[in-house]
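Note that the protein sequences, when read in sequence, are chains A and B. When you line the first sequence up against our numbering, it's residues 7 to 229, in that order. When you line the second sequence up against our numbering, it's residues 7 to 229, in that order.
Keep in mind the hints are simulated off the structure, nothing from the lab. Keep in mind the model is a prediction, meaning the values are calculated, not measured. Hints should not be assumed to be uniformly reliable.
Here are the simulated lysine to any residue pairs, SDA-like style, with alpha carbons at most 25 Å apart [said to hold, decoys possible]: (1) B:K207 <-> A:D182; (2) A:K200 <-> A:F181; (3) A:K143 <-> A:L195; (4) B:K143 <-> B:D168; (5) B:K207 <-> B:N68; (6) A:K194 <-> B:S78; (7) A:K143 <-> A:E66; (8) A:K21 <-> B:M100; (9) B:K16 <-> A:E136; (10) B:K194 <-> A:H96; (11) B:K207 <-> A:A187; (12) A:K189 <-> B:T54; (13) B:K200 <-> B:D121; (14) A:K200 <-> B:S78; (15) A:K189 <-> B:S78; (16) A:K224 <-> A:E33; (17) A:K194 <-> B:E14; (18) B:K194 <-> A:M100; (19) A:K21 <-> B:K21; (20) A:K229 <-> A:E66; (21) A:K35 <-> A:D22; (22) A:K194 <-> B:D77; (23) B:K143 <-> B:G211; (24) A:K143 <-> A:D22; (25) A:K224 <-> A:A62; (26) A:K189 <-> A:E214; (27) A:K189 <-> B:H83; (28) A:K207 <-> B:K207; (29) B:K21 <-> A:M100; (30) A:K21 <-> B:E136.
There are 2 protein chains.
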Amino acid sequence: MDTYKIIEIKENVFKDNERQADLLREELKKDKTFLLNLMSSPGSGKTTTVLRTIDALKDEMNIAVLEADIDSDVDAHTVAQTDTKVIQLHTGGMCHLDADMTKQGLSELGTEGIDFAILENVGNLVCPAEFDTGASKNAMILSIPEGDDKPLKYPLMFSIVDVLLINKIDAIDIFDFDIEAVKERVSKLNPNIKVIPISAKTGEGIGEWADWIRTEIKSWNQK
Amino acid sequence: MDTYKIIEIKENVFKDNERQADLLREELKKDKTFLLNLMSSPGSGKTTTVLRTIDALKDEMNIAVLEADIDSDVDAHTVAQTDTKVIQLHTGGMCHLDADMTKQGLSELGTEGIDFAILENVGNLVCPAEFDTGASKNAMILSIPEGDDKPLKYPLMFSIVDVLLINKIDAIDIFDFDIEAVKERVSKLNPNIKVIPISAKTGEGIGEWADWIRTEIKSWNQK
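Next comes chain A alone, as it looks inside the complex (with noise of 0.2 Å):
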């Protein structure tokens, strides 16, 4: 199957964005819909992530795709590919998604029957951080590539996430990255954090990252 929507999101019209964002979450509660908000820098590997934790619970729960880019649809068109309800949504320049935009696309996606929606944000690691979407949980994939030094360089996204992927770890060898420092300078920013080393190309880390969910989503729907 290779249908999917593509639609053009209105800029948010409420300044109460934490208020809007609150309201979101008691819906998606209501429904049994536990949101995920995924956030990156370009290019550090959320839509093959994306790929493999469908893989991963496909079997367990229904999983449904927000795709937010400022223009394409090439992540929403791979996601696709995989039978998974999923929609583009283009939002008009603007480098984030706040918790109106996120509700116009879940409402144009639909989440009945819908047990676990991730919502793919914009890659950049300064605008996401500073909206509440309205998500259950919020992650982030930090890349090998990328370098150890960037919970120096953007501490409000390392400070706001439960829990951060550090990707490509099947490229550790050619890059000078050291995990135990990131672990330091993010704990040092975010006592809390779960944090989880994986290669979603080689599929490493991939269990210990779906057993993660399935916690989160049975503790949150104890609630």
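Fit chain B to the known structure of chain A by using the hints.
Showing chain B alone in chain A's frame:
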């Protein structure tokens, strides 16, 4: 030498950024300081490329560097090791520099006797493309691990730059990246763009990049 200022730059009070950018360009022309605005995603190798550029050109011209980041001074610290004049600019959470912010940085740095100033913009493929900094020329880096689909997703950035460096080509064997596909995608957006594959790590392609800079500075000085 490891002495450099860190300044917190203030948000632009000028609504007409284009006008401010043109005024800054005129001032820099009078001062004979060629300003290069260098943009990319986080972790694509901007600072390593800056170090290679300094090394290739330092015997021919006086170089200075402006490092812009949301936070930290790791890049200014790195550049300062080369005895190059450098300043660290903090953008107060903003994901770009505009012309007035660039001017504040240049004033603090001091451009007297500087032939070539490099502005290392905030790591981001969205916001920096939207603001003219007043630079003489605009450059961007796309690194191999980021993937060859980036011109489709961030068309504005690829449209507004004069030169595209494709960095980390030493890693091309382990990533699925089609350089010819990137050239084709980019030339559709920007027919006059110059594309130079480099490895800031090994030095490959830095000769051609240094030649491009020499030619541009010479032709700019003759205008």
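Checked hints:
no.	hint	in the structure
1	B:K207 <-> A:D182	holds, 11 Å
2	A:K200 <-> A:F181	holds, 23 Å
3	A:K143 <-> A:L195	holds, 17 Å
4	B:K143 <-> B:D168	holds, 6 Å
5	B:K207 <-> B:N68	holds, 23 Å
6	A:K194 <-> B:S78	holds, 14 Å
7	A:K143 <-> A:E66	holds, 19 Å
8	A:K21 <-> B:M100	holds, 19 Å
9	B:K16 <-> A:E136	holds, 19 Å
10	B:K194 <-> A:H96	holds, 21 Å
11	B:K207 <-> A:A187	holds, 21 Å
12	A:K189 <-> B:T54	holds, 23 Å
13	B:K200 <-> B:D121	holds, 22 Å
14	A:K200 <-> B:S78	holds, 23 Å
15	A:K189 <-> B:S78	holds, 17 Å
16	A:K224 <-> A:E33	holds, 18 Å
17	A:K194 <-> B:E14	holds, 23 Å
18	B:K194 <-> A:M100	holds, 23 Å
19	A:K21 <-> B:K21	holds, 22 Å
20	A:K229 <-> A:E66	holds, 20 Å
21	A:K35 <-> A:D22	holds, 20 Å
22	A:K194 <-> B:D77	holds, 15 Å
23	B:K143 <-> B:G211	holds, 19 Å
24	A:K143 <-> A:D22	holds, 20 Å
25	A:K224 <-> A:A62	holds, 16 Å
26	A:K189 <-> A:E214	holds, 17 Å
27	A:K189 <-> B:H83	holds, 22 Å
28	A:K207 <-> B:K207	holds, 24 Å
29	B:K21 <-> A:M100	holds, 19 Å
30	A:K21 <-> B:E136	holds, 23 Å
Going through the hint list in order, the structure satisfies each hint without exception.
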